[in-house]
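The chain contents come next:
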Amino acid sequence: MSEAPRIIRKKTGNFLEDFEPGQVFRHKLGKTVTEGLFTTFTEFSMTTNPLSKNARYARAHGFDGLVCPPGLAMLVAFSQTVEDISENARANLEYIDMRFGAPVYVGDSIEVETKILGIRPSSSRPNLGIVHVQSTARKNVGESGEAVVMAWQRKVQVYKDDEAAEVKAGEIEPDAIECDPWLPDYDGSRDYKALAHLSNADTYFEDFEPGTRIEHSRGRTITSEHIALTAILDNTSQVHCNQYMIDLDPSQYVGGQLIVYGGIPFVLCLGLSCPDVADNAISDLVYTTGRHTAPLFAGDTVFTATEILGKRDLDGRPDLGVIETRLLGHKFVRAEGEENEDAPAGWKKVEIFSLDRAIAVKRRSHYA
Amino acid sequence: MSEAPRIIRKKTGNFLEDFEPGQVFRHKLGKTVTEGLFTTFTEFSMTTNPLSKNARYARAHGFDGLVCPPGLAMLVAFSQTVEDISENARANLEYIDMRFGAPVYVGDSIEVETKILGIRPSSSRPNLGIVHVQSTARKNVGESGEAVVMAWQRKVQVYKDDEAAEVKAGEIEPDAIECDPWLPDYDGSRDYKALAHLSNADTYFEDFEPGTRIEHSRGRTITSEHIALTAILDNTSQVHCNQYMIDLDPSQYVGGQLIVYGGIPFVLCLGLSCPDVADNAISDLVYTTGRHTAPLFAGDTVFTATEILGKRDLDGRPDLGVIETRLLGHKFVRAEGEENEDAPAGWKKVEIFSLDRAIAVKRRSHYA
Amino acid sequence: MSEAPRIIRKKTGNFLEDFEPGQVFRHKLGKTVTEGLFTTFTEFSMTTNPLSKNARYARAHGFDGLVCPPGLAMLVAFSQTVEDISENARANLEYIDMRFGAPVYVGDSIEVETKILGIRPSSSRPNLGIVHVQSTARKNVGESGEAVVMAWQRKVQVYKDDEAAEVKAGEIEPDAIECDPWLPDYDGSRDYKALAHLSNADTYFEDFEPGTRIEHSRGRTITSEHIALTAILDNTSQVHCNQYMIDLDPSQYVGGQLIVYGGIPFVLCLGLSCPDVADNAISDLVYTTGRHTAPLFAGDTVFTATEILGKRDLDGRPDLGVIETRLLGHKFVRAEGEENEDAPAGWKKVEIFSLDRAIAVKRRSHYA
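Chains as they are written, first to last, in the working numbering: chain A, 1 to 368; chain B, 1 to 368; chain C, 1 to 368.
So that you can see chain A by itself, here it is in the shape it has in the complex (with noise of 0.2 Å):
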């Protein structure tokens, strides 16, 4: 260019001055999920439920084909939200309310809106304070129809650009979002009984027992590769993927070094739990609460444990029962001297991941 050019620098995303109740967020983008998309995450996750690995068995059940696993449903909807509502925010502090509605297909093109419920400004923090929204994704079906795919709120710790801005401080009601779980019809002239052995055979609703805790015996250790699966689901936050940024001034950030994002430890939980718990499950339910607790970078492997907190029938499907869980995530660092009694010597045990998570699961009785 014939002369010094005028330099453009644009913000992307939106600060706690930016938001206020009752604001409505219609997210960019909007995702089609693809078979590369679908295999990358599901494989990844070490998700064993066979809905999402033989079309075969997902037909028998009553599917259109595979079936998006639960984690990889939530990941693909919650990163469109992800630049509107958190592109700015310091910490993701809790899911609420997390619902399951239409199952997801290869194919299935997702969009995502957010209201803004609440917004409270930290009494100490001047820069800082707390967004909570309400978020809906549907997926198109046929030319014009579309269903919910999922429902859900958070809560989302977010910065001020301008520590002088006025925040538009209030809470206002969630809306009654119809987001009731698709469950395929029981049809007694199948013969389900014939596809039983592609499942573990003690993990049907009779086999859990509020009270015990399952230790899953699996462990995966996450490597650089987080960086690809975080972009891989629109999640463009810059200290999962910018190693430049974090060496400038890498006490600035948590570990100083680049941070796993939370959805990768979210469906790796889901994942390594699954041969224990979900290998029969026909449908996640509700996530009623959930936090990440600790942060996670690339060398860390995951483990998992899931406590049975209950169980209960499901109206109308004398097939089915619902058991509620607690998942739980950890990790293991070195930490000569600072053991803690879930660890060996020389390390110490972190939780990383918490999930209270209720899931329509088969009656033997029914299917086996």
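Honestly, I wouldn't trust all of these hints.
[Unchecked claim] If we take Cβ atoms under 10 Å as the criterion, some of the chain B residues that face chain C in the derived model are: (1) 49; (2) 57; (3) 299; (4) 301.
Because the hints were derived from the structure by calculation, they are not lab data. The C-beta atom is built at its ideal place from N, Cα and C for all residues, glycine as well.
Start from chain A and add chains B and C according to the hints.
Only chains B and C this time, still in chain A's reference frame:
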């Protein structure tokens, strides 16, 4: 939970004393081949046969679409047997009579069963023995049909859980499994020559000369990507993906680090040798014997060579011929003072893989 | 084998003396775009144009489904030419008049041919010369039709195999290849505005101002993932994937380490700049010139800027306009005492890529 929960730890996989001759395992899960899985492995392996790269070429040869390369078909089928048969194995000793049947396409769902043929306790090591198995992989065809895609035997060295437990030693005859290669008809009205520029011109049946050894030019370095590649195959063995387990007691594990799943060099050796050996293959027929002769780790670079052992006509197919080959994989390790004759100063060549492999190859007379 | 086999080592690719003006290469393989390939690259590059993310949006604009981003279309086409043209190249010097035609969709099979336009030996370096080529990529359409998807020229610096061999120097005129951009019709009856929230609101034709330079905010660190990304494109050049070759003689190779294939920063620069420049692009039209100006290695973080060089109407399309841009890529390297003006203390900014790029962009007047 209000009181300390009862802790449940599940055992996965079987031990030497759990097997008996004649026992049949119908393996869990099953696996649908998606375009994500297809592309990940086909491209990782650097395969160059256009049947697996170019759908127009594949259809013009009489296939339904892109054809799974033999290494991928094998890995999808084989990995389904790992949890039941070799989760508690020390080593996979030998692949035997591994035959290919129906081609595997994107969308096919593969399910596998395994019969225990023999069990032999080790005379010198009371905690080990050899299990000899026969596995058959089928795909669904239409609503209720099925076709055998692969059949094979293998011998695997398996640990006992309890050294004092009785072993049900014995050996039975293998079943006669029909698994004939599906070869598309030669159709003289098709203009195969119009496609001949898409494959290497010097790899027709006429080009192979028994008694030659082809040193394939390409090498490929393995990275920590092997962890995700192993998970995508449903192989959950912890020695491939759980760094914490290794760190707790490195001396217990080969090389004191995560070991690369043997399936990874298996497909990579097939792919690296493809441009010189299998660019004009129409199908792999049988792997009479094969074994892994040294472990592979992240950072190693894999190279290959192929010995042409023989060639012969194929009954009823004047357009094709069979070449009998031995595929060899190797790597180089730094070994100051221990160099061997095939390696440069400071390095030692280490054989990692050997596979006796018969391939049906197009004749130039009919196709180019 | 009973006696020592005869050893065969094949030469791959062509050398300077193998080319002559007018020569035509119909390249091997061809490549079908799967959903695995599509997702891997689209998401790696962090592209944000919904035409490549959301099939509902793409169909509503008159496309058949998800549209390959221009960088991916280019890489699939370009990489097919590597073995014949640049396997033995020292450097790719320039991309010239790279034009886009028919859109590329999942399922399309791309085949490419290249004509040698010119050969010029180096006057100062007897083992090198410049080859000027013209390549055309076509996709199959239906049973027997085809459409040009891209046409381009490039200049590449190629080694001689034998310094004494004669070089067939000369230069011929390029062919006139028809490769006009396929732009979906504007249909006034469609409710485009109902989709406008899915793309960035400030990237319509009206928003661009010649003489400005946009510093895109996002950076992305490259990991060893580049090895697999290169293989997925059928680029088999050993300098990208063979660590052993580098280790044998590091001083022979740029940086003494594996170098990242230029196609990787090419797509990444397009993607990182997308939210500010191409979110409302309907098609890339032409890359008049482009070049890689410095190498990239694993661990580097890529940043981009775009200069708006000009803007103009597009004949017959009042709904669209053309913006002429220069896309620039850069990275920062530690350089204590050698900082340049655009870099913070201890760092030096290094330009890695430049591409002159004309894009057809939607007008707000018609779409939002």
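Broken hints, numbered, in rising order?
-> none
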